[in-house]
Amino acid sequence: MAIIQSVRSRKRSHALIKEWGLLDLNEKLKTKFQNVVQSGPFAGMKLSPEAFQEHVGPFLLGTYESELFPAWEVILGKRYTQIIDIGCKFGYYAIGLAIKYPNATVHAFDIDPWAKSATEEMSKVNGVKNLQVHGFCDARWIQANLKPNAFLISDCEGYEKVLFSNEFGPNGKTMTAIIETHDCMVAGASKQVRSALDGSHSVATFCDPWSGVYPFDLGFLTGQEKEKAIREIRPEQEWLLCLPNAS
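The letter at position 150 of the sequence shown is residue 1273 when you use this note's numbering, and the numbering goes up by one with no holes.
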């Protein structure tokens, strides 16, 4: 049932992207910048053809979830034996992290078959060899497979409340995590995540978009197009950066 809902949601999202004229904007950006991410923590990564079915501007320009820029400075300053991306979409974070950490195994999870296929396509476009793509992720998989000093990123539309109602064992206490919480979808999700990590992690909240200057020229776009290119169309969101106290 969850897979069916995910597929329906993605198809509806793609239909709206077309209806709002964002595919035309994608083409303008692609003509200017090709398929190379222009800025941000994953600058230089290549987007695959399937990615351009999304509202690709923020990904291509590197402004996607700019609220996390300060968090990425902390995250990317650490070493990881393993990386887990739950809700990987077309693989933006999974592939970016696989490039940054070629000696770590990256596990990308998504229950949408399109997302899994798109992530595999992204891995081929970027020559990534250290990626494994999976469907559903539950606590049992994490308990059985989590390595010491892993990094986990979660964007799973409220499922984080269920996932983090479980213990992940000793290795969970050494895990660094960035978790997007969706209280607007599932009440109490943020509280549950905080409660699960209380005592083992220090938790910081990120929700304000980055206000710096971006290193690219959008003079070929109208003012309205510039805003659409840089920012996602979504409600306000909150992320939790969870750093293990053991480190």
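The set of hints was computed from the structure by calculation and includes no laboratory data. Treat the hints with care, as some may be off.
[Unchecked claim] Each computed EDC-like pair below joins lysine to aspartate or glutamate, with the alpha-carbon atoms no more than 16 Å apart:
| hint | residue 1 | residue 2 |
| --- | --- | --- |
| 1 | 1151 | 1348 |
| 2 | 1169 | 1243 |
| 3 | 1141 | 1321 |
| 4 | 1314 | 1280 |
| 5 | 1270 | 1243 |
| 6 | 1351 | 1361 |
| 7 | 1153 | 1280 |
| 8 | 1351 | 1173 |
| 9 | 1223 | 1261 |
| 10 | 1351 | 1196 |
| 11 | 1134 | 1190 |
| 12 | 1155 | 1290 |
| 13 | 1349 | 1150 |
| 14 | 1141 | 1355 |
| 15 | 1296 | 1321 |
| 16 | 1296 | 1280 |
| 17 | 1151 | 1361 |
| 18 | 1349 | 1147 |
| 19 | 1314 | 1243 |
| 20 | 1153 | 1361 |
| 21 | 1141 | 1173 |
| 22 | 1151 | 1321 |
| 23 | 1247 | 1173 |
| 24 | 1239 | 1173 |
Status of the hints after comparison with the structure:
no.	hint	result
1	1151 - 1348	holds, 10 Å
2	1169 - 1243	holds, 13 Å
3	1141 - 1321	violated, 43 Å
4	1314 - 1280	holds, 15 Å
5	1270 - 1243	violated, 23 Å
6	1351 - 1361	violated, 20 Å
7	1153 - 1280	violated, 29 Å
8	1351 - 1173	violated, 20 Å
9	1223 - 1261	violated, 26 Å
10	1351 - 1196	violated, 25 Å
11	1134 - 1190	violated, 27 Å
12	1155 - 1290	violated, 47 Å
13	1349 - 1150	holds, 14 Å
14	1141 - 1355	holds, 15 Å
15	1296 - 1321	holds, 10 Å
16	1296 - 1280	violated, 24 Å
17	1151 - 1361	violated, 31 Å
18	1349 - 1147	holds, 13 Å
19	1314 - 1243	violated, 34 Å
20	1153 - 1361	violated, 30 Å
21	1141 - 1173	holds, 14 Å
22	1151 - 1321	violated, 46 Å
23	1247 - 1173	holds, 12 Å
24	1239 - 1173	holds, 11 Å
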